[in-house]
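Asks: Heads up: the sequence lines are chains U and G, in that order. Start counting the first sequence at 1; every next residue gets the next number (our numbering). Start counting the second sequence at 1; every next residue gets the next number (our numbering).
Hints were generated in silico from the structure; no laboratory data involved. Treat the hints with care, as some may be off.
Unchecked claim - Capping the alpha-carbon separation at 30 Å, the derived lysine-lysine pairs in BS3-like fashion look like this:
{"id": "1", "chain 1": "G", "residue 1": "121", "chain 2": "G", "residue 2": "242"}
{"id": "2", "chain 1": "U", "residue 1": "86", "chain 2": "G", "residue 2": "213"}
{"id": "3", "chain 1": "G", "residue 1": "210", "chain 2": "U", "residue 2": "271"}
{"id": "4", "chain 1": "U", "residue 1": "271", "chain 2": "G", "residue 2": "275"}
Okay, here's what each chain looks like letter by letter:
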Amino acid sequence: MNIWLYIIRKVVNMIPTLLGVCLIVFVLFNLVAPDPALLLLGKHGTVEQIAQIHRELGLDRPFWAQYFDIVKSAFTWDFGYSWSSKQEIWQMIKNGAFPSMAITVPAFILTNAIAISISLLVSFYRGKMLDKSVVFVCVAMMSIPGLAYILFGQYFFAYKLGLFEIAGYEPGFPNFVPYVLLPIVLYLIMNIGPDVRYYRTAVLDEIYQDYVRTARAKGLTEKKILFKHVLKNAMIPILTYLIIQIPFLVLGGILTESFFSIPGLGGLTIKAINTSDFPVIKAMTILSAVAFMVFNLLTDVLYTLVDPRAKLK
Amino acid sequence: MNLKKCVIAIMAASLVVFAGCTKKQNASERVLNLSSTAEIKGFDPINAGDLYSGREISKIYEGLLEFHYLKMPYTLVPNLAEEMPQVSTDGLVYTFKIRPGVMFQDDAAFAGGKGRELEAKDFVFSIKRLADSKLNSEGWWVLDGKIKGLNEWRDKNSKLPATNYDEEVEGLKAIDKYTLQFTLAKPFPQFLYSLAMPFTYAVSREVADKYGKEFLNHPVGTGPYKLEAGKFDQTKTIIYVKNPTFRKKLYPSDASPEFQNLLADAGKQLPLVDKVIVHVMVESQPAWLKFNKGELDFYGIPKDNFGTAIKDNKLTPDLSGKGMILSITPLLDVTYTGFNYENKLFQNVNLRRAMYLAYDEGKSNELFYNNTSFPAQSIVPPGIVGNMPDFKNPWKGPNLELAKKTLAEAGYPEGKGLPEITYDISDSTTSRQMAEFFVKQMEQIGVKIKIVASPWPEFMAKVKKKSVQMFGMAWGADYPDAENFLQLLYGPNKSPGANSSNYDNPEYNKMFEKAALMQDSPERTKLYEELNKFVADNVVLMYNMHRQSYTLQQSWLRNYHTSDLHHNNVQYLNIDNEVKAQSLKKF
Numbered sequence: 001m002n003i004w005l006y007i008i009r010k011v012v013n014m015i016p017t018l019l020g021v022c023l024i025v026f027v028l029f030n031l032v033a034p035d036p037a038l039l040l041l042g043k044h045g046t047v048e049q050i051a052q053i054h055r056e057l058g059l060d061r062p063f064w065a066q067y068f069d070i071v072k073s074a075f076t077w078d079f080g081y082s083w084s085s086k087q088e089i090w091q092m093i094k095n096g097a098f099p100s101m102a103i104t105v106p107a108f109i110l111t112n113a114i115a116i117s118i119s120l121l122v123s124f125y126r127g128k129m130l131d132k133s134v135v136f137v138c139v140a141m142m143s144i145p146g147l148a149y150i151l152f153g154q155y156f157f158a159y160k161l162g163l164f165e166i167a168g169y170e171p172g173f174p175n176f177v178p179y180v181l182l183p184i185v186l187y188l189i190m191n192i193g194p195d196v197r198y199y200r201t202a203v204l205d206e207i208y209q210d211y212v213r214t215a216r217a218k219g220l221t222e223k224k225i226l227f228k229h230v231l232k233n234a235m236i237p238i239l240t241y242l243i244i245q246i247p248f249l250v251l252g253g254i255l256t257e258s259f260f261s262i263p264g265l266g267g268l269t270i271k272a273i274n275t276s277d278f279p280v281i282k283a284m285t286i287l288s289a290v291a292f293m294v295f296n297l298l299t300d301v302l303y304t305l306v307d308p309r310a311k312l313k
Numbered sequence: 001m002n003l004k005k006c007v008i009a010i011m012a013a014s015l016v017v018f019a020g021c022t023k024k025q026n027a028s029e030r031v032l033n034l035s036s037t038a039e040i041k042g043f044d045p046i047n048a049g050d051l052y053s054g055r056e057i058s059k060i061y062e063g064l065l066e067f068h069y070l071k072m073p074y075t076l077v078p079n080l081a082e083e084m085p086q087v088s089t090d091g092l093v094y095t096f097k098i099r100p101g102v103m104f105q106d107d108a109a110f111a112g113g114k115g116r117e118l119e120a121k122d123f124v125f126s127i128k129r130l131a132d133s134k135l136n137s138e139g140w141w142v143l144d145g146k147i148k149g150l151n152e153w154r155d156k157n158s159k160l161p162a163t164n165y166d167e168e169v170e171g172l173k174a175i176d177k178y179t180l181q182f183t184l185a186k187p188f189p190q191f192l193y194s195l196a197m198p199f200t201y202a203v204s205r206e207v208a209d210k211y212g213k214e215f216l217n218h219p220v221g222t223g224p225y226k227l228e229a230g231k232f233d234q235t236k237t238i239i240y241v242k243n244p245t246f247r248k249k250l251y252p253s254d255a256s257p258e259f260q261n262l263l264a265d266a267g268k269q270l271p272l273v274d275k276v277i278v279h280v281m282v283e284s285q286p287a288w289l290k291f292n293k294g295e296l297d298f299y300g301i302p303k304d305n306f307g308t309a310i311k312d313n314k315l316t317p318d319l320s321g322k323g324m325i326l327s328i329t330p331l332l333d334v335t336y337t338g339f340n341y342e343n344k345l346f347q348n349v350n351l352r353r354a355m356y357l358a359y360d361e362g363k364s365n366e367l368f369y370n371n372t373s374f375p376a377q378s379i380v381p382p383g384i385v386g387n388m389p390d391f392k393n394p395w396k397g398p399n400l401e402l403a404k405k406t407l408a409e410a411g412y413p414e415g416k417g418l419p420e421i422t423y424d425i426s427d428s429t430t431s432r433q434m435a436e437f438f439v440k441q442m443e444q445i446g447v448k449i450k451i452v453a454s455p456w457p458e459f460m461a462k463v464k465k466k467s468v469q470m471f472g473m474a475w476g477a478d479y480p481d482a483e484n485f486l487q488l489l490y491g492p493n494k495s496p497g498a499n500s501s502n503y504d505n506p507e508y509n510k511m512f513e514k515a516a517l518m519q520d521s522p523e524r525t526k527l528y529e530e531l532n533k534f535v536a537d538n539v540v541l542m543y544n545m546h547r548q549s550y551t552l553q554q555s556w557l558r559n560y561h562t563s564d565l566h567h568n569n570v571q572y573l574n575i576d577n578e579v580k581a582q583s584l585k586k587f
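Chain U extracted, bound-state conformation (with noise of 0.2 Å):
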């Protein structure tokens, strides 16, 4: 199929899954967040203040209205002003992007460069020690809670070594980059363990393929082989679990934002959250939707380019 009709086809298809998305978040909010009048008045608040503010939100119109209202915010992606800061939540957006992103895309690269270059490590000698030794290593790390991680590389890197700021943020370079490197480096140890295991399993899974054999008996080095053929190949489970993680990394760590005081999108929806800040939660809702099925799009058009044996249908 065409690659420009299929990414038509696709883009048509999301339509749906948007307005399943927007139904989800509004009956979630119906169900389940607090009255916001509540936590907008305090602990005053009178039965007269309650229903002005429902008024003014427009939380007494009749829920198809409502509901409307959410379709209509995520095509035409006009978002309008928080409940609580009463700022623009486009303005909110892009100022939590940037301390979200100077965390998640250094960390990001960086694991991930690690961690291919030691899973193709760990292939070259699979089976051996250093395998085995790397294997372990990583399951032991993936089994300690992230938290656990934080509160040590605070107390210890941070408090004992001062080696990193404790926590805190200030804006513009380069006055934010102290406090970034230890969430960077947590980030990493957090999500080195996976990683490695990941692509360590998709390298081995075309180790065993038949090519490779072949490979062997044309008297190919292991290392060509490695390079050359494994690495090629074992892109695309490579770049399916690379780019799938890519709107995460805009939307920050909640955990991270939160123990580290940074003001990223993390802390952003849960602030939102907790104060049933709605058009905030549907905005961060919507665009990580609209943000995973875009780069879910993406893998799919990458496999053509990276393999030409793969096609869209």
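Dock chain G against chain U, hints included.
Replies: Okay, now just chain G, sitting in the frame of chain U:
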């Protein structure tokens, strides 16, 4: 280079780049480093409903009155008012003279970007803003029904498409540029307290008009500090610098006996430090580490770190060796377990008494408060007139024998016939632990409790919607008057008002209404005590604790004391940079 060496080189290079990259602060700067344990909503005084927002707003905005920084019990003194008001003999008319020469901070909202002088009309505007139903103020309750004509103005304007701020309110007048007059609808002895609360701070109409809904992110007040960035971006580091146009305001020269040691800066121009950095840190662990590293100037000891910081009610040698100072201060608060009186089950006084008798408050204090709190006998905390230091609640446990007997008198011998009771709490770890303890205590007399934990906002929503049976709650003073606690049980204040337990007893309501109209006098104190005893004897709530604050301050911090109501304390604080430089060597 082989592959293995290459990987090792990358990892080593990464560590070299990362390590040692901490940001160093210039030790010679006079900077106050504080923390806020909650995100603030913004800088709109009318929405300063929580302590954290109130503290930040009070760095930039000011009110007519304030509490004297060095006097206890809390004493009101003039702030933007030139002197205390003249009050008519019937207690209904309050006339204030505004301090001349007070300037709003420079802002683009003013002509030429230069702040103008504060006038009486600014208070008229600010109070109307508080009353404007379109702005949904969190603080309207403070003046609801109190100022003559203000409720009518509010109701009339709520029906109009735009609020008419030019329309006069009978009880709220700027007599001239510097004279402000309030006429109350009925006597309200706590009125002056409300003028020291952030809700009634002075804002300018030009700024409110210019920034509209985003007013909360563009604070422009008359106070000692202003935002370094000029606007608030909902960040987690809030930086304030001295307001260059701040009026002459001096550090107090008189103090109560307990604050005589805080007079070293007497007579100096305020504020005392050039810059204030507030780190919004919701998690206690990083904030505690920051404090221990000397990066915060004071911090309340987190519950989980209490054992490592305090031994036998004293600082551990490790912390005292760093010069840290411990201050223990009773808080004006009460924690309690509430009954929802909309549920007929709880109208049975013997059931309530039996449950209270079964509960071991001492054990709870030991388990959850490190034995630092005072078991509450009734609702009014120590330090407020109406609290009776020698009063012992006859129904306070643990007295299992009497609890079982009383439960039988309630009609539920050994809990037979009593349905399972749901106990709603917020879903924090401590709340869950406390709830588990409560369940065990009630089991001893056969009362079955089911815990329902919800996130804080959801929990509050359930309480406000009256859809709980029992619930755990706390109340902190808005102002130092027993009325602020006793109103929690006043019938007309039922949920979603502050009376979360929906208690509505005509006898109590009548007594409360009488007390609420009385000026401070021995008669009112007697009535407050009667009300306090009434709710104690009837176990209207299960009164748990009056908490204490355990706060540590660094050796270089000057003039600090813990307080519930001095929201604007930062202007009085000072830093001794020499001591700081010396002390940090021990860290």
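Asks: Now tell me, hint by hint, if it's right for this structure.
Replies: We went through each hint and held it up to the structure:
1. Our distance criterion of 30 Å between C-alpha atoms is met by residue 121 (chain G) and residue 242 (chain G), whose separation comes to about 26 Å.
2. Proximity of residue 86 (chain U) to residue 213 (chain G) is assessed by CA-CA distance (about 6 Å); at most 30 Å being required, the pair is judged to hold.
3. Distance check on the hinted pair: residue 210 (chain G) and residue 271 (chain U) sit about 27 Å apart at the alpha-carbon level, within 30 Å; holds.
4. With a C-alpha separation of about 27 Å, the suggested pairing of residue 271 (chain U) with residue 275 (chain G) holds against the 30 Å cut-off.
Hint violations for this structure: none, all hints satisfied.
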